[in-house]
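Kindly generate the complete structure, drawing on both the sequences and the hints.
Chains as they are written, first to last, in this note's numbering: chain A, 1 to 266; chain B, 1 to 314; chain C, 1 to 263.
Accuracy of the hints is not assured; some may be wrong.
Cross-link-like lysine to aspartate or glutamate pairs, in silico, DMTMM-like; alpha carbons within 20 Å at most [stated by the list, open to error]:
#1 B/189 / B/206
#2 B/189 / B/216
#3 C/97 / B/141
#4 B/135 / B/121
#5 C/97 / B/93
#6 C/95 / B/141
#7 C/95 / C/258
#8 B/135 / B/93
#9 C/95 / C/19
#10 C/95 / B/92
#11 C/97 / B/92
#12 C/95 / B/93
#13 C/97 / C/179
Hints in this document: simulated from the structure, not taken from any laboratory.
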Amino acid sequence: MALTTDTLTARVPALREFGYWMRRYRRIWRGTVVISVANPLLFLAAMGAGLGKLVDANHSGHLSGTPYLDFLAPGLLAASAMQNGFIEGAFPVFQSSRTRGNYSAAVATSMRPTDILAGHLLFVAFRVLLSGLLFLGVVVAFGVVGPARALLAAGPVLLTGTAFAAPLMAWAVLVDRQSRLNGLYRFVVMPLYMFSGTFFPISQLPYWLQAVATCTPLYQGVALTRAAALGGAHPGATAVHACYLLAMTAAGIWVSRRSYTHRLNR
Amino acid sequence: MADVLIEAKGLRKVHAPRGGGAPTEAVAGIDFTVTAGEAFGFLGPNGAGKSTTMRMVAAVSPISGGRLSILGMDPATHGPQIRARLGSVPQDDTLDTELTVRENLLVYGRYFGLPRAVIRERAAQLLEFARLEDKADEQVEALSGGMRRRLTIARSLVNQPDILLLDEPTTGLDPQARHLLWERLFRLKQQGVTLLLTTHYMDEAEQLCDRIVVMDHGRIVAEGSPRQLITTHCTREVLELRFPADLQAQAAEKVAGIGDRLEALPDRLLVYADDGEDALAAVHRTGAEPLTALVRRAGLEDVFLTLTGRTLVD
Amino acid sequence: MLGTLWKSPAVAGPAALVERNLVIYRHTWYLLLAEIFEPVLYLLSMGVGIGALVGHVPGLGDPSVGYVDFVAPGLLATAAMNGAMNETTFNIYGKLKMLHTYDSILATPLRIRDVALGEVAWALLRGTAVTVVFGAAVAAFGLVHSLWALLILPGALLIAFAFAAAGLAVVTYIRSWQDFQLVQLVMLPMFLFATTFYPLGVYARPVQIAVECLPLYQSIELIREPSLGVVDAGVGWAAGYLLLFGCASMALALRRLERTLVP
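Listed below in structure tokens is the structure:
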């Protein structure tokens, strides 16, 4: 077994970087699991069940009859995939690319910058997926969707996470101050979180804002996740959402390969 | 007789480890007095209790037993009043890294309740004293180790203290930075500031201190001026002999009896004698063939070795 | 008279610490705007977006009160809480464990009690500043209807004091950055369930009682009642509760700090 792992990492150096992050993660995984379950549990209970009572009693028509909890759950799921993609793709990458960060140790081995990127991105994807699955477990427990639908939604969650993480890593590896990452979170991620159809349909926004919101990656992620979880979506629209997120991920990887090489080969 | 500024009698400090375990006695009952205008040093290896003693004198760490009087006051009841008249340079630079160089001085002065105008004036002088005028508006992070230490000393002078406490002032500095610092401390001494310092460098103790106590395992093992200590506890000269590692034990038997005393260290033999050259000639007569032989004057390191059987820096 | 009070050690010590933080703040004042940004976003999203879904809030006497009028005071109280508590948890943890800021300060005439009072006073200022700016934004949205709303300022001061002291007590128990997750695990549900987003009436009676015990619930009451123009004994209760909570936290924080900071 050990032998096959060794030969595998020899052939695919990115797995060594992935292994490094997994070893680090093994020390803290308990805490992250608690958070990944507690967060959706609390939000769905408070906003979905609590606030949902008021929303459902009002019959405003904006949700076209969908119970608020059902509407909110997939939206929050996609939004948390974005947040996890950001948290895992921004701060650790920034720390690692500092002078005394672990990238400089990794690049001194036979690994190329692109291997380091691939290994780290793989780990980010793993974290996004793991948190997403835990979230989906909570959603199933709330009775919003069945287990089969939940598994179907795991794909959109992963894709939403990577669509944010990949371009972000390209930037985080170059950034000179951590406060810039904090700024991006506050001024870009939080507005996306609030206005991308997570808590209320974007059809309620003024027309021009709807156009802006439609173009944001989180809106695409929310729409795709909602389609997978609740069904009844137009196949063409679903394909557009998926292609948008795939394109973001691919473009992010392409730019990241360049910026990792630029930064780490100095 | 000069004013006694600090007086300790049977001073003790016991650390109770957090979460249980046997308490350790860091300072095990020491007596010393420091008079106005003198430069007083604690010499000893790491863990001897020097820094702990300094923290008690700084009225930061409460004493566990014995008596301690600083500037005629009891630190247990008059901590703030005592600290108002002390300057403290701890072992690790505790500069405020969120502030610039000048702000460090300005803000620190406010902790002493000094008026802003007074602090501004003193800060300008202290920046000059610390040779940091060019760095006044830089972040502390940007300073070298020597500059940080000078700034820490400058900061400790902002309240024009009666006593300056320096805990290992030059540890970790390069030789050039050390000499600059010694020169600045010497200047303070000439201005009449009472200095209390700890060190594990004998050259530092010899350079700066009028009086020294040697500490080991929380106790004082000797006291006096550097010269007195050397003449009391040591011969005038030392002969250092190196042998191939496997032959050293054999050679030690051969040269035993030469000089006043023989000390075997892991890598060399030390022969204590008032005339080193004579001792070397005697060594050659025994037929022992050292790889290298060196005659030098005895120093505080040798005093420490004689008193404790161990080297100062391990 | 005021001059001598200012110079007495009991005031001058903490004041020197506040001054230190102000010196740093001169370089980082824009962080305050960032702190306002989030509650404003919440207000827009909740008020405009969810407000349309909710309509009017059931259980309130006045049916003309819109959802956004209801949510705004809740967010205001939360902002005061966060503004103060971030200061005494994250920032003070950094100063205790990373920067060792207090080691040098305690070598001066300042005592641990001066440091603690100074930091709480500073956090109180921060929390109040956040509330005032956010409150101005709320007023600009046209969400202030009653002169009672002027009570918001002393209310915010009290909230900031209570949570600054609580944060200072909490930070003495924190061993590593990981432990902040545990703090989040308490703060997040409190934020979500303390009637920030919907009235107490949604819950069953036993849950209501539990929620009423939360310090954030009392904080929100303290702000919401005057800003909706209803001032009754509830406001007095809330104020008393927070004062007691703050003083008890402060006493605990002092005891803990005396133990951790003395070498």
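Each hint tested on the structure:
1. B/189 / B/206: 14 Å, holds
2. B/189 / B/216: 27 Å, violated
3. C/97 / B/141: Within the cut-off at roughly 17 Å; holds.
4. B/135 / B/121: 17 Å, holds
5. C/97 / B/93: With Cα atoms ~15 Å apart, residue 97 of chain C and residue 93 of chain B stay inside 20 Å; holds.
6. C/95 / B/141: Within the cut-off at roughly 15 Å; holds.
7. C/95 / C/258: Distance ~16 Å between residue 95 of chain C and residue 258 of chain C Cα, so the pair holds.
8. B/135 / B/93: Holds, at about 17 Å.
9. C/95 / C/19: At roughly 16 Å apart (the allowed maximum being 20 Å), residue 19 of chain C and residue 95 of chain C satisfy the hint.
10. C/95 / B/92: Given pair residue 95 of chain C, residue 92 of chain B holds - Cα atoms ~15 Å apart, limit 20 Å.
11. C/97 / B/92: Between residue 97 of chain C and residue 92 of chain B the Cα gap is close to 14 Å, so the pair holds against 20 Å.
12. C/95 / B/93: Answer holds: residue 95 of chain C to residue 93 of chain B is near 14 Å, not above 20 Å.
13. C/97 / C/179: 13 Å, holds
The structure shown violates just one earlier hint, number 2.
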